[in-house]
Amino acid sequence: MENNGKTQFRLSRNVRTVSSEIYIIWDNDTRVGQVHLHYAHDTIHAVILLEIDLSVKEEEDLLETIDEDVVSSYLPSFEREDLLVTLYRAEELSSFSYSSNDIDSLGPEDED
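Add 17 to the 1-based position in the sequence shown for the working numbering, that's all there is to it.
Hints are computed from structural coordinates only; laboratory data are not their basis.
Note that the coordinates shown come from a computational prediction; the quantities given were computed from them, not determined experimentally.
Ideal placement from N, C-alpha and C gives every residue a C-beta, glycine not left out.
Errors might be hidden in some of the hints.
[To be verified] Computed Cβ-Cβ distance ranges for the label pairs, DEER-style: (1) Val73 to Tyr115: 32 to 42 Å; (2) Glu81 to Tyr115: 30 to 40 Å; (3) Ser114 to Val35: 20 to 30 Å; (4) Asp59 to Ser114: 32 to 42 Å; (5) Ala107 to Arg27: 14 to 24 Å; (6) Ile39 to Ile69: 13 to 23 Å; (7) Arg27 to Glu109: 36 to 46 Å; (8) Tyr56 to Arg106: 37 to 47 Å; (9) Glu76 to Asp46: 18 to 28 Å; (10) Ser72 to Arg27: 16 to 26 Å; (11) Tyr115 to Glu77: 31 to 41 Å; (12) Asp59 to Thr103: 17 to 27 Å; (13) Leu110 to Asp70: 14 to 24 Å.
Between the sequences and the hints, there should be enough to build the whole structure, so can you do that?
This is the structure we're talking about:
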């Protein structure tokens, strides 16, 4: 999904705690990966786990989306030097839970 040459990623929150959040990253109906954000006072640590290959331009677009949609809402006057990002290429091997309930895969249709 592109708009003026910019890939339009969509983030759907999966988990939120007092000091962290996990978002699923979508490009249309394709799950691109996850971003884990950890808030440590004036520093935000972001770990991005990509399930598909992105170009450098798409990575920059994704970082901009994360910054605009999440980080800026957490700290509007946030100094960008205090956003530390680590990017990984990852593959989901399996999911596990001790819960007796079945765990359904989170899909883009679960967003609404």
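How the hints compare with the structure:
Remark: the range hint 32 to 42 Å for valine 73 to tyrosine 115 is upheld by a beta-carbon distance near 40 Å. Checked against the given bound of 30 to 40 Å, the beta carbons of glutamate 81 and tyrosine 115, roughly 38 Å apart, stay inside it. At about 22 Å, the CB distance of serine 114 to valine 35 agrees with the hint of 20 to 30 Å. One distance hint, 32 to 42 Å for the beta-carbon pair aspartate 59 and serine 114, holds here, with the actual separation near 34 Å.
The given range of 14 to 24 Å is respected by alanine 107 and arginine 27, whose C-beta atoms sit roughly 19 Å from each other. The hinted range of 13 to 23 Å is satisfied by isoleucine 39 and isoleucine 69, whose Cβ atoms lie roughly 18 Å apart. Evaluation of the 36 to 46 Å hint for arginine 27 and glutamate 109 yields a failure: the beta carbon distance comes to about 19 Å. Checking the proposed 37 to 47 Å range against tyrosine 56 and arginine 106 shows it is violated: the Cβ atoms sit about 25 Å from each other.
With their beta carbons about 20 Å apart, glutamate 76 and aspartate 46 fall inside the hinted range of 18 to 28 Å. At roughly 18 Å, the beta-carbon separation of serine 72 and arginine 27 lies within the given 16 to 26 Å, and the hint holds. Under the hint 31 to 41 Å, the C-beta atoms of tyrosine 115 and glutamate 77, about 39 Å apart, fit the expected range. A beta carbon spacing of about 18 Å between aspartate 59 and threonine 103 agrees with the range 17 to 27 Å that was offered as a hint.
Between leucine 110 and aspartate 70, the C-beta spacing of about 18 Å keeps the proposed range 14 to 24 Å intact.
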